[in-house]
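Now for the letters of each chain:
There are 4 protein chains.
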Amino acid sequence: MRKWEILLTPYKQAVDELKVKLRGIREQYQKSSKHTPIEFVTGRVKPISSIIDKASRKNIPLDRLEAELQDLAGLRIVTQFVEDIETVVELIRSRKDFEIIEEIDYVSEKKSSGYRSYHMILNYPVQTIEGEKKILVELQIRTMAMNFWATIEHSLNYKYSGEIPADVKMKLQRSAEAAFLLDEEMSIIREEVREAQKIITTKQEQGRKL
Amino acid sequence: MRKWEILLTPYKQAVDELKVKLRGIREQYQKSSKHTPIEFVTGRVKPISSIIDKASRKNIPLDRLEAELQDLAGLRIVTQFVEDIETVVELIRSRKDFEIIEEIDYVSEKKSSGYRSYHMILNYPVQTIEGEKKILVELQIRTMAMNFWATIEHSLNYKYSGEIPADVKMKLQRSAEAAFLLDEEMSIIREEVREAQKIITTKQEQGRKL
Amino acid sequence: MRKWEILLTPYKQAVDELKVKLRGIREQYQKSSKHTPIEFVTGRVKPISSIIDKASRKNIPLDRLEAELQDLAGLRIVTQFVEDIETVVELIRSRKDFEIIEEIDYVSEKKSSGYRSYHMILNYPVQTIEGEKKILVELQIRTMAMNFWATIEHSLNYKYSGEIPADVKMKLQRSAEAAFLLDEEMSIIREEVREAQKIITTKQEQGRKL
Amino acid sequence: MRKWEILLTPYKQAVDELKVKLRGIREQYQKSSKHTPIEFVTGRVKPISSIIDKASRKNIPLDRLEAELQDLAGLRIVTQFVEDIETVVELIRSRKDFEIIEEIDYVSEKKSSGYRSYHMILNYPVQTIEGEKKILVELQIRTMAMNFWATIEHSLNYKYSGEIPADVKMKLQRSAEAAFLLDEEMSIIREEVREAQKIITTKQEQGRKL
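Order-wise, the sequence lines are chains A, B, C and D. So the first sequence is residues 1 to 210, counted in UniProt numbering. So the second sequence is residues 1 to 210, counted in UniProt numbering. So the third sequence is residues 1 to 210, counted in UniProt numbering. So the fourth sequence is residues 1 to 210, counted in UniProt numbering.
Don't read these hints as lab results, they were simulated from the structure. Honestly, I wouldn't trust all of these hints.
[As the list claims (entries may be wrong)] The list that follows gives simulated cross-link-like pairs (lysine-lysine, BS3-like), each with its CA atoms no further than 27 Å apart:
hint : chain 1 : residue 1 : chain 2 : residue 2
1    : C       : Lys-134   : B       : Lys-12
2    : B       : Lys-3     : D       : Lys-3
3    : D       : Lys-134   : A       : Lys-96
4    : B       : Lys-46    : B       : Lys-110
5    : D       : Lys-19    : C       : Lys-12
6    : D       : Lys-169   : A       : Lys-31
7    : D       : Lys-54    : D       : Lys-133
8    : D       : Lys-46    : B       : Lys-46
9    : C       : Lys-19    : C       : Lys-31
10   : D       : Lys-58    : D       : Lys-169
[Claimed, not checked] Negatives, chain D to chain C, calculated, CB over 12 Å:
hint : residue
11   : Ile-51
12   : Lys-54
13   : Val-107
14   : Glu-185
[To be verified] Simulated restraints, written as ranges between beta carbons of each label pair:
hint : chain 1 : residue 1 : chain 2 : residue 2 : range
15   : B       : Arg-2     : D       : Ile-100   : 38 to 46 Å
16   : C       : Ile-6     : D       : Ile-100   : 20 to 28 Å
17   : B       : Lys-111   : A       : Arg-2     : 50 to 58 Å
18   : D       : Glu-163   : A       : Arg-44    : 51 to 59 Å
19   : D       : Pro-61    : B       : Arg-2     : 28 to 36 Å
20   : C       : Lys-111   : A       : Arg-2     : 28 to 36 Å
If you're wondering where the values come from, they're calculated on a predicted model, not measured in any experiment. Think of the CB as a built atom: it goes at the ideal place given N, C-alpha and C, for glycine as much as any other residue.
Excised from the complex, chain A in its bound form (with noise of 0.2 Å):
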């Protein structure tokens, strides 16, 4: 137990400061009164079970932990439209206190089971009391529909340990497509909104030219 504690406890500080930076992202953006492309921000380090289970799946052994699992550190960020996702992956990229080692974009090409989500794989360093460390960190980017579908598709493969029986299935995709129908008629508004607040502005410039 102490020693998982030890273990975990830079990936548990990883994921705290990548909270409040994060975030920091999102007050920024609604001080200076731009549509803010951050709605909110979680975070967490792996149950201790989660990750015994999934090293005995993947037959990991217990020194390779650090290195093969890179979801040990997660965090999210959760977006109201699917153009959000572009500005927010171009503003991980655009940081310099990490390195991203991998992308991986699920939502031009969706995973088969209807899960949508952009994965980005960091390098963190973590300034320990026994110096730097570098810490793999899971950051996973989607919309708020995405968001949901996710999380009820995540506790029903939980529930039939990965072998979701076909009529399942078919209510799982089927409320992935009411997801991304959301998504979609979201976007349209979007547009609207965008447009409108284009109108706003120029009126209020020519009334201050009269």
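Add chains B, C and D to chain A, keeping to what the hints say.
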């Protein structure tokens, strides 16, 4: 500025206390390994500029503000499933740390705009350094899909000062339907999850008997 | 482990709620630009290992724990000046969100060890998902110097399992005297600050008359 | 107002990030069951009114503010023992997430007022939505007794606008001596605690050999 701050201090206190209390419910569910009906809780004190706007729009004199504006302090409970709303409402009704003044059910009967949400107006006692003060608090309970849509509608209303043009209104209507559809598909899955859980529990009990 | 967690959940909830409530007092004072009698507030649930130790040392059966141990939930208010303790005690007495079961004044009459602090035992109602539950809470009120000394004594007691050797005891005694002296010198300054404030206020009022 | 908020946003971000980082040090010590040299960490952005005061008093033009005022962002680490200050200073020096610009040791050589504290000026990189921005941060490291006295002196300086009358100054002097004495007595106890720990550890190792 100073006067507003002093007026709003007990409202901020009420919001802070209720956030801890309602988030505590979520934690209790998680520790008891039951499905938690609460996905997340947010809270805010109405910004001063919005208070002034609303007061002048509704012709409310400043000394009637606290009695007439029921949403100076606002809390929101967001659920995964439509069915969770009822569970949360019952929980709120059973508490003894405030009085319920009014309930409005915009879930069974949505507004013409498409808005769905369950509202409760609470009378919450705050202990201040000048004695007890009772505060009106508006509590909104809604699913993630309802919440998502309501956020969009709110910002469009703000842009168009309440007079959303017909074509935008139509698009909003369509996204409201998409949100409703997502909630329905999720409800169907929810039953699946529950049935699955029953089967699992039954199996486990049979396992014990052998 | 699981059982302990379920037992302690309402205690954690009480500590979280009271931290927000007592920190709120501090904020109210700051906004009203009065001297705040509260420097900071801390809280904790007693660690499980300490509960087991204390129960076995005092021969308390597990089903009597909640009734016999009054400090499963502990809150601490730390003040700048000795005089602030009385102000805080009055404030606590005037609140209506809990009942006071007992008060012990180790400030007027310090323990033989040198320990000084004002203790209040509260009966605090927590709203759980199974209904209201009343929780015993120990509230300690002390100055920063008292707090500093108590922290040191606590860790020495822990080292020597309560049997501190005579020479160490003497050193502890001397540091208790130094802490007491600091509190006395600070009280003298405090009067200075107050008198200074009176002069300033009088001047300002004369200024207005001219 | 808006301009100030935009100017100070990266300073607030730096303070938030460093609070999480420095509090993380404390947690790492606690988990490794060593004596933690950090009792608590606080942080603040200088209030706008104080910035304006200081700029006009020191004749600093507004476009030189960020370069000339080193304490727009301020962090404070409070320790139990004088000896812990050195440990913390070494830890700060070993970190790679900022550069140290300057160190001033008011512990070895206290100010004539009686003020004692160790100051470090850091150059901390914040990742903003417009790119990286380096921020000056003042870090103060002091014991609880030093901190207590400094708080009192600060508020008296504020009252008397820096011109504290001779008799009050004398009383401040006496309380500074009392604070110094407390630190000295505590240092003596600290050695005790350490020696006690050595004895305990030795006994345990002997126990293992038998």
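Verification of the hints:
Note on C:Lys-134 and B:Lys-12: the hinted pairing holds, with a Cα-Cα distance of about 26 Å set against a maximum of 27 Å. With a CA separation close to 23 Å, the supplied pair B:Lys-3 and D:Lys-3 stays within the 27 Å bound. Taken as a hint, the D:Lys-134 and A:Lys-96 pair is honoured in the structure, with Cα atoms around 12 Å apart against an allowance of 27 Å. Between B:Lys-46 and B:Lys-110 the CA atoms are separated by roughly 24 Å; this keeps the pair inside 27 Å, and the hint holds.
Only pairs whose Cα atoms come within 27 Å are accepted, and D:Lys-19 paired with C:Lys-12 is accepted, the gap being roughly 24 Å. Taken as a hint, the D:Lys-169 and A:Lys-31 pair is broken in the structure, with Cα atoms around 44 Å apart against an allowance of 27 Å. A C-alpha spacing of about 23 Å is found between D:Lys-54 and D:Lys-133, which places the hinted pair at or below 27 Å, so the restraint holds. A distance of roughly 26 Å separates the Cα atoms of D:Lys-46 and B:Lys-46; the hinted pair therefore holds under the 27 Å criterion.
Taking the CA atoms of C:Lys-19 and C:Lys-31, the gap is about 18 Å. The hint holds against a cut of 27 Å. Note on D:Lys-58 and D:Lys-169: the hinted pairing holds, with a Cα-Cα distance of about 24 Å set against a maximum of 27 Å. No Cβ of chain C approaches the Cβ of D:Ile-51 within 12 Å, the least distance being about 19 Å, so the stated non-interface status holds. Distance check on D:Lys-54: its Cβ is at least 21 Å (rounded) from any Cβ of chain C, clearing the 12 Å threshold; non-interface status holds.
Remark: the non-interface label on D:Val-107 is consistent with the geometry, its nearest Cβ contact in chain C lying 18 Å away (cut-off 12 Å). Against the 12 Å criterion, D:Glu-185 falls within the reach of chain C, whose nearest CB is about 4 Å from its own CB. Range check, B:Arg-2 to D:Ile-100: Cβ separation about 40 Å, and the 38 to 46 Å hint holds. The supplied range of 20 to 28 Å is broken by C:Ile-6 and D:Ile-100, whose beta-carbon atoms lie about 48 Å from each other.
Take B:Lys-111 and A:Arg-2: their Cβ atoms lie about 55 Å apart, and the range 50 to 58 Å holds. The hinted range of 51 to 59 Å is satisfied by D:Glu-163 and A:Arg-44, whose Cβ atoms lie roughly 54 Å apart. Checked against the hint of 28 to 36 Å, the C-beta distance between D:Pro-61 and B:Arg-2 comes to roughly 29 Å, which is consistent with it. Judged by the Cβ atoms, the range 28 to 36 Å given for C:Lys-111 and A:Arg-2 holds: they are separated by roughly 35 Å.
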